[in-house]
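Participant: Chains as they are written, first to last, in this note's numbering: chain A, 9 to 333; chain B, 2 to 360; chain C, 4 to 358.
The set of hints was computed from the structure by calculation and includes no laboratory data. The structure displayed is predicted, hence computed values, not measured ones. Do not rely on the hints blindly, as some may be mistaken.
With the Cβ distance kept under 10 Å, some of the chain C side facing chain B (calculated, not the full set) [said to hold, decoys possible]:
#1 T52
#2 Q98
#3 T101
#4 D224
#5 A226
#6 L264
#7 A268
Derived list of chain C stretches under chain A, where covered just means 3 residues or more per stretch with a C-beta under 8 Å from a C-beta of chain A [to be verified]:
#8 103-111
#9 116-130
C-beta atoms are modelled at their ideal positions from N, C-alpha and C, and glycine is treated no differently.
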Amino acid sequence: MREPPEVNELYGAGDLESAAPFEMPVATASLGPSYLEAEMAGQPPAGAGPATQWYRGLGWGFWLAAAVVLGWVLLALLANVLPFQNPDALQTSCFLSSSPSAAHLLGCDSVGRDILSRVVFGSRVSLVVGFSSIAISLAVGGPLGVLAGYFRGAFDQVLSVIANVFLSFPSLVLALVVVAYLGNSELDITLIIALVAWPILFRVVRATTIEYVQRDYVLAARALGATTSQLLRRYLLPDVFPSAITYGLVGVALAIVAEGGLSFLGQSVGPPVPTWGNMIAAGTETMPSYLSLLLSPAIAMFSFILAINHVGDRLRQRLDLRSAL
Amino acid sequence: MSRRRRVRPIHEEEGRPLLSVENLKTYFQTAHGVVKSVDGVSFELERGKTLAVVGESGSGKTVLARSVMGLLPSQNVWREGSVRLGDVDLTRASAAELRQLWGAQVSMVFQDPVTSLNPVVRIGRQITEHLQYHLGMPRGEARRTALSLLRSVGIPEPAARMRWFPHQLSGGMCQRVVIAAAIACGPKLLLADEPTTGLDVTVSAQILDLLGRLQEERYMSVVLVTHDLGVVSGRADEVIVMYAGQVVEQAPTPVIFSDMKMPYTEALMRSVPRLTNPSHTRLPAIPGTPPNPAALPAGCRFAARCPYVQPRCREEPPPLRQAGPRHRFACWYPVGSPEGQQALEANRAAGLPAAAAVV
Amino acid sequence: MAGSGTAQLRPAEESLLRVEDLVVEFPAPKGQKVHAVSGVSFDLMAGETLGIVGESGCGKSTTGRALLQLPRPTSGRVVFEGTDLTGLGKEALRQVRTKLQVIFQDPISTLYPRRTIGELVTEPLSLWKIGSPAERTERARQMLAEVNLDYDAVSWRHPYEFSIGQCQRISIARALMLNPRVVVCDEPVSALDVSVQAQILNLLEDMKARYGLTLIFISHDLAVVKNVSDRIMVMFLGKTCEIASADQLYAAPAHPYTRALLMAAVISSKALNRSAAAALGGAEEEGESETEMPSPVRPPSGCRYRTRCPRAEALCAEKEPVMRQIGEDHYVACHFPIGVPKATAVAGAPSGATS
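Work the whole structure out from these sequences, hints included.
Facilitator: Now the structure itself:
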């Protein structure tokens, strides 16, 4: 820091938003917000706009991950429309060949089905189960969490006990038992994962709500005469919703892993419907000769989970940073 | 137990001040541009004297104190100028040298005593660790020294309090402990950054008295950074008034109160509510806010708020001028001068709001 | 007394707001209680400013919030325009809220960071569904102009883009949107620099005159309180020490604690308060020996100030002093007030004092 840089160098630093966050632990007190001040009370500073745009400065890693997530979602949605082969069609011309060809980019499995198209169609089960189970958990755990965190008292205590009871079951055993009773359709699996996931989201949302309820602006709004429903709608939901969504994204990854695990154990949606989990299970049988059978679904699942975790994580960091402002 | 002393010795030169800061600049690079927090500050401080640095938040007074000490973030900061403590230039000292200077030769007391103490370490240990590290004192001796230090800063029942944790003490008591830790190794220079902001008025008076007493007993030099002009009187030998990163006036304390030259000093003093005012007295406020330090005006930085402002002030930055022995100020139309009076009259006639506020 | 008593209250029918025997307790570990406010009574005439001073932990902010029922006090009465707020139902209390507003110490954290200034200032109206959006904007424009801010320049920005002083202006504009009668100012200038502090204090005085407001001004800074208040109440550890008109209180403080506060303020700013120092001079031997606040969980018996009081005697530990009149509009809760001969002081203390 003793090397005096050219003043031009200091000024022309390019896109400062995307640069590393400016660490100023010891100097913040005296710099304060006053360096944002304009000359007269009535004239606020110019050009502070970018700070209000949430998507600035997330980094290329975030956008890559977001593209991967979006890509998989589009593939799953449009699998029927896109020129993929029928995942269930048995093709004698291609039998247990993991060598890629023009017709079958990833080769075929032991009964002659195209692996690429099975991986794409297999994403449907994983994504549907992953997103919808978390959506159900959020729909149940979110509102309950907000209400418990806002009202506290007996209502909160009862709900927290219920959530803790759910959390204290070993989730895999619970899932296996429920599958045995309910069955293993897509809907059943979704409900089972939702059953396991809602108390976690409930607790996250409740804790976030409790933190925000104590903020001064909530007190100020009460002093203005805001009703309970106004407080919840105008203040707490906008505060809690983004963090619930980001935790939800991480939850989707966990739900997909859970579905994959059940599927691997043969307890999820079964063959012939392709899922990433049952494809991996089938792939292990032909190990190590035909690696494509195992690696194709595994890499698909891995890429999606890594990407959605990263998206959720970066968004959460960004939110934390902003609420600390 | 190591008996090694880890203190960088300082040799004071005959006839030279203990601390001399020359043209110190400290700039921060932020998302809003380069912030010139300290922009060419010079001053000298003799052994055993107190210098008060007065300014509003954002004036750069805290950054100045930290820059003198060398306690700056490692990134996005640029410092120029020299800070000589005896024969050592702090701006050129290595990290290892600084570690042997901090706490031993230069200490700092921060604004918030509760956060400047380690919450999970007992009070006694926070003082003995300095003694053991810098002076290589054996444990027993360090304990006895810490005990007498706590007693000398006015902590009741120091023997019992040694075993307490910071959260068990009130803010005022914590500040006493911070001071005890700061003076433990006998520093020659103590930097106190708003040591009483956030403390109650009764407590703050006692803390300031304590600092004054310790300074006299230990013949320390003290830099007292504060936003409160009231705190300064009777406690500082000299006062520096800072505005937007620069020194705008420097004078011995009695002079700054009786014969200030810079309109900012005058305005600052006027805007303090007095106990003697009858209730519902209208305060002569300074209009506007300080300039954006990332986009400073060309001329005098106080021009936009100044009741004496003239066209020249907006174009040409006034240099520091000598007004008397040890009295410097930066203004083209100083308070109490004929040209200043004329400027004020003209502005009042023109209906400048800042001038109208000066009665 | 720091004591209780209601001698300082003026006739109920004349006051706009009357607080009687306000008690606020919070639960503490091991089934104990924090006695934050213990039996405080005061009243406000329309158009008056009451200053509440004391050190941190004296219960001044808690008192301010309890009278707004944020949260509701443990016991006591808060009578506003003839209605006891403590007995009101949720909806009725909400209706009253429009007339009682509050300005907080830290304006940045009381302004919701997700909203623009325009949304924040019109919010009181939109919460109450008053007027059309255009009318709300017009009113916001007018109120922001009152606090020296230009609606077009600020309305689309967010609170964190402004300095604390500017945010405090916005908070003031927002608090006045509903035309309140009483505004509780809870340390509104404590976070501000002197130059900005003077601007905000002047602004509050202007707003008070223009809108006929009644103010409660809570601060730890005696000089600030003196400058804006008609009447001042000094608090110590949840109790009232002294109530008097502002000039009377500073000219002749009767409670030893008031004197100690004043002396500390004067000593810490001698050069600025030369004449005040002269007025209080000669009493330096009566300074406090200790400045620690006793625990609000287990407050001292009798007078809560006695552990710090240079004039304390045996009586102070036994009996809690009760508010009594010692001059025109000058009330004190002390067994041995300054400037009152001792014999009268003891005889004057009512024997039926409760603690």
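Participant: The structure should be examined with respect to each hint, and the outcome stated for every one.
Facilitator: Structure-based check of all given hints:
| no. | hint | verdict |
| --- | --- | --- |
| 1 | T52 | holds (8 Å) |
| 2 | Q98 | violated (32 Å) |
| 3 | T101 | violated (27 Å) |
| 4 | D224 | holds (7 Å) |
| 5 | A226 | holds (4 Å) |
| 6 | L264 | holds (6 Å) |
| 7 | A268 | holds (5 Å) |
| 8 | 103-111 | holds (count 6) |
| 9 | 116-130 | holds (count 5) |
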